[in-house]
Each structure stands twice: as structure tokens, then as C-alpha cells.
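Asks: For reference, the chains in residue letters:
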Amino acid sequence: MKMGAGMAEQIGMYQLAVAYLMLVVVFFLAMSNSLRISRELVVATLRMTLQLFAAGLLLKYVFKIDFWLASVALIVIMIAFAVTVVLGRLEIRVKRLPLILFASMGIGSLSVLAIFIFLVIGREPWYDARYVLPLGGMIIGNSMTACALVTERFIAEVIGKRDQIETSLALGATYKEASMTALRTAYRAALVPTIASMTGMGIVHLPGMMTGQILSGVEPMLAVKYQVAIIAAILAAAALSSLVMLNLLRSRLFNKCHQIERAV
Amino acid sequence: MNEIGNSDLLFSLENVSLDGESRPVLDSVNLHLQPRQLYLIAGPSGGGKTSLLRLLNGLVYPSSGSVRYLGKDVCDYNQPSYRSEVVSISQEPVMFPGTVSDNIAVAFSYASNASKKMDDVEVLQLMDGLGLSRELLKQDVNILSGGEKQRVALIRSLILSPEVLLADEPTSALDPHSEEKVFEMFGRLKGSLSLVVVSHSTRFLTLADEIVLIARGKIIEKRKTIDAQQFKDFLEDEDGGRNG
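Chains as they are written, first to last, in the numbering used here: chain A, 1 to 264; chain B, 1001 to 1244.
FYI, nobody ran anything at the bench for these hints, they're computed from the structure. Hints may be right or wrong, so weigh each one.
[What the hints assert, rightly or not] To give an idea of the chain B side of the interface with chain A (calculated C-beta under 10 Å), a few residues:
(1) 1019
(2) 1088
(3) 1113
[Claimed, not checked] Mimicking DSSO-like on lysine-lysine, the simulated pairs with C-alpha atoms at most 30 Å apart in a straight line are:
(4) A:256 / B:1218
(5) A:256 / A:95
(6) B:1116 / B:1138
(7) A:256 / A:161
(8) B:1117 / A:176
(9) B:1117 / A:161
(10) B:1232 / B:1218
(11) B:1116 / B:1181
(12) B:1072 / B:1117
(13) A:256 / A:176
(14) A:95 / A:176
(15) B:1149 / B:1190
(16) A:225 / A:60
(17) A:256 / B:1117
(18) A:64 / A:225
(19) B:1149 / A:161
(20) B:1181 / B:1232
(21) B:1190 / B:1222
(22) B:1190 / B:1116
(23) B:1190 / B:1072
(24) B:1138 / A:176
(25) A:176 / A:161
(26) B:1138 / A:161
(27) B:1222 / B:1181
(28) B:1117 / B:1181
(29) B:1138 / B:1117
(30) B:1116 / A:256
(31) B:1116 / A:176
(32) A:95 / A:161
(33) B:1117 / B:1190
(34) B:1190 / B:1218
(35) A:176 / B:1072
(36) A:256 / B:1072
(37) B:1222 / B:1072
(38) B:1138 / B:1181
(39) B:1149 / A:176
(40) A:161 / B:1116
All values reported here derive from a predicted model rather than from experimental measurement. Yeah, the Cβ is synthetic: ideal placement off N, Cα and C, and Gly gets one too.
Just chain A, with the same shape it has in the complex:
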């Protein structure tokens, strides 16, 4: 069924069933090749379906009520959910880690989202859920990945280079001086994936947001401008969140007396 210019092609139940059929093919391929991922594939398919349709319904409702508190609440919930995802990935426990993660992702994502909404696209009203939620989702998602990477790497560096750090401390270094190499290594690890993906854009792949916009009928050059702006925002949020995370995390791994905390 074809819609008017500037609108996406409609996908009905029949067309959606065809899309699911592709997943069924993957399922049988996995079974016949004994890949032992059939169960994961079924679970992932069910979760994706439920989560996306639930998100769709929720967005539909939030778009309809058009209330600032709904947009803000959903953004906060997204950050809280991102915190639980990162905590699930980490094997080590650090005191007040959930709070540190929440603060880092909150500061990094919200400041960049605010710049994007107010200064880049100048959306009125600012809380328009059609803009705030998808953009927030992308920014928070990338901030989450960066925070997970930076946390994992920094803790591993401090544990792995403990002798080097203590040698510096024993020679009069502050904990900030002693952990500078570990901090730089972790910071770099957090930013490299985003920077690497930027270099392949437009040649190796078309980014998701731009593809989505083009499919929805948006003029390609406008889609490109949006994509450039969102990539800049994603990198800025990842950089800012990681930096806040590193500083807060460092103050948990070391104490005011410039010692490595005994629990580390």
C-alpha cells in the first residue's frame, strides 16, 4: 500500500509476517548447523517484539498526551535502565556505583540532549516527545556503552597496574598523578568505537537514523545533516559521560589519603 510523498511505506500484518519469516529461516539455519543459538534466537525475537511494541504503544500515548513531565520521566527511566544494563555487565562491585553511573550518564546525556534540542534543532515545545525520546535514546544508549567501557577498563587498569600506581604513590605522586596513565587508557577505550564508526560512515554503511529518515521520505541531504548532528552529539555525550564517570570512579578507587582502597 502506497502513501503520499514524504511518508513511509505502510507495513501491514502480512508484510510483517514476511519479515518474521526471515527470522524463521535463520532459526532453521542455526538448527541445521548445530549452532546452539536457537534458544537465544527465540528469546531475543520475543523480547525484541514485546519491547518494541510496548515502546511503540508507550510513545503513541506520550505523543498524544503531549506533557513535559512524561518526556522527562521517560528520559530518567531510560537512564535508570541503562544503569542496570551496565551493572549487569560489570563483574566488580564498587561502592555507590549505581549512583555514579546515573550521575555520569545523566550529566553527559542530558547536557548534550539539551544543546541538541534547544540550539541545534530549536524544537518548540522543547519537550516534544517525537524528538526528545528518540534522540535521548540514541544519546543515552551511546553514553551507556561508553560508561560501561570506561568503567571496565579503568578498574582493570588500576588492578593490573597496581604495582606501578603504588610505586608512583610511594614516590610522592597524588592519586590523580599516579592513575593518569590508567585514566587515559580507559578514556581512549571508551571513545575509540564511536570514532572508528565515524570513519566508515557513508561508505561502509549508512547510519541507522539516516536510513530511517530516508525510508520515511525525508530528503537525503536533510537526513545527512541530522545524522552529522546526532553523531556529534553521541560523541560529545560519550566523551562527557566517560570523563565524569572516570573522575567519580577514581574517587571511589582511591581515598583522600592517596591510597588505593583496600577493597580494590
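Chain B: place on chain A using the hints.
Replies: Positioned in the frame of chain A, the structure of chain B alone reads:
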């Protein structure tokens, strides 16, 4: 940071305990050390010697009791400044990526050592004194042997002109010739700064002003002299007792 008078007590440990994972690493330790002396700390492995040095260096604080330096609790000092005055060398010296020269100079980049300036002539004198070729200064630390690293670490600490040097097994990786050079160096240093040395080597017995025997986290004895055989017997007995 502090002018040390000969009448001041350098370190004073009162009822110091340090908790380990399953048992105390140090247990109600009382110890008083005078300035400008060379103290030899000896005892079996796992007896608490390294932990004692870490406490004196402020790298850990006691679980209970107090460690005082010149009458003031170590916890009350600004730690980086304190550690630039009371420096330590670990048993297995850690080198930073770069050349030997970079490693010797590393601590001068720290804010706490900003008022100090590296004396290049002194570096060369220390290299000569410890039997290290001057050519090594330009070499990458990765090519150094364990013994060379140990001596570079000693220079890295001494070049900071500390008031106190805490050395954990400073001759453990050395061949007899290099070991002799290090003993000679400690002999020259004695009296000009306070030295606390953890070692099993009987050679330090002749240099030490006092010997502190430690085992199972407790100070067993503090004495002016001990003969080499008695010293060895103590280490063997305690090691046997610990393992048995």
C-alpha cells in the same frame, strides 16, 4: 616538610594492628625508631615486614593503633608531601615505560616534588657508586636485569633527597659483586638519613644500629646486635614454625 632533630622520635607505633584477609598481618605492634639510624627488619616470609614498611610509608593505615612520624599521626600529613620525604623501594622494583633516565627523573614531575631539582651529577655518582654503567641511562628499562632494576629504583628514591628511606629487600636480586656495592652505599648513607631496611642478608647486621625481629605479625625482639648464626637460626626456626 619537617626539620628532624636528633632528640625527636622518628617513628612511633602504638598498638598497631593491620587486618589481613583471614588473620591480622600485624598484631598489636609497639615500635619506636630514632632518626639517622639504620634499622634492619628481619623475619620469615609473611611475618609482616613488608606491611610494616607500607604502614611507615603511608600506603596503608592501621586497622587500629597509631603510626606517628615526628610526633604527628601519619594519617594527618598531606600524603604526597609525606611520601616525598619518606620514600620507599619495593622488593620487586617497578619500572615505568621509557629509559633509565626517564625512570630516575619520574618523581620530579609530581607536584609534591616540585620544589626539588634533579642533580644530574649526583645521578652519575650514584650510578658509579652502585656499579651501573652510565651508558645505561639512555637505555630502555626493558633491557635491564632484575638486579639493575633494583639499583635504578634505589637511585630513583635517593635522588629525591629523602629524610627516610624504606627499603624492602634491596639486595634480593643482586649478584655478590653488586650486593657489595649496595652495602657500601648504605654504609655511606648511614647517618645522613634514616634507613629502615627489610632484609635476610647477614651483611646488614654489621651496618645496622638496631635489629628488629618480626614474626607472625608481632615484634619478637629489638636488639643492638645479633650474631650471624643466631640471626640465621631465628629466620629458620620461625620459618619452620610458620610452615609446620
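Asks: Are the Cα atoms of residue 1116 of chain B and residue 1181 of chain B separated by 30 Å or less?
Replies: Satisfied, since the Cα-Cα distance of roughly 27 Å is no more than 30 Å.
Asks: Would you mind confirming whether the straight-line C-alpha gap from residue 1117 of chain B to residue 1190 of chain B stays at or under 30 Å?
Replies: holds, 23 Å
Asks: Can you confirm whether the C-alpha distance between residue 256 of chain A and residue 161 of chain A stays at or below 30 Å?
Replies: Answer holds: residue 256 of chain A to residue 161 of chain A is near 20 Å, not above 30 Å.
Asks: Holds or violated: residue 95 of chain A and residue 176 of chain A, Cα atoms, limit 30 Å.
Replies: holds, 19 Å
Asks: Holds or violated: residue 1222 of chain B with residue 1181 of chain B, Cα cutoff 30 Å?
Replies: Roughly 27 Å separates the two Cα atoms, so the pair holds.
Asks: Sort out whether residue 176 of chain A lies within 30 Å of residue 1117 of chain B, counting only the CA atoms.
Replies: holds, 22 Å
Asks: Does residue 256 of chain A pair with residue 1218 of chain B here, judged by a C-alpha cut-off of 30 Å?
Replies: holds, 29 Å
Asks: Per the CB criterion, is residue 1088 of chain B less than 10 Å away from chain A?
Replies: At 5 Å from the nearest chain A Cβ, residue 1088 of chain B passes the 10 Å test, so the hint holds.
Asks: For the pair we were handed, residue 1072 of chain B and residue 1117 of chain B, check the Cα-Cα distance against 30 Å.
Replies: Given pair residue 1072 of chain B, residue 1117 of chain B holds - Cα atoms ~27 Å apart, limit 30 Å.
Asks: Check the hint pairing residue 225 of chain A with residue 60 of chain A against an upper bound of 30 Å on the C-alpha distance.
Replies: With Cα atoms ~26 Å apart, residue 225 of chain A and residue 60 of chain A stay inside 30 Å; holds.
Asks: Please verify whether residue 161 of chain A and residue 1116 of chain B have alpha carbons no more than 30 Å apart.
Replies: holds, 27 Å
Asks: Please verify whether residue 256 of chain A and residue 95 of chain A have alpha carbons no more than 30 Å apart.
Replies: Holds, at about 15 Å.
Comparing the model with each earlier hint shows no violations; every hint is respected.
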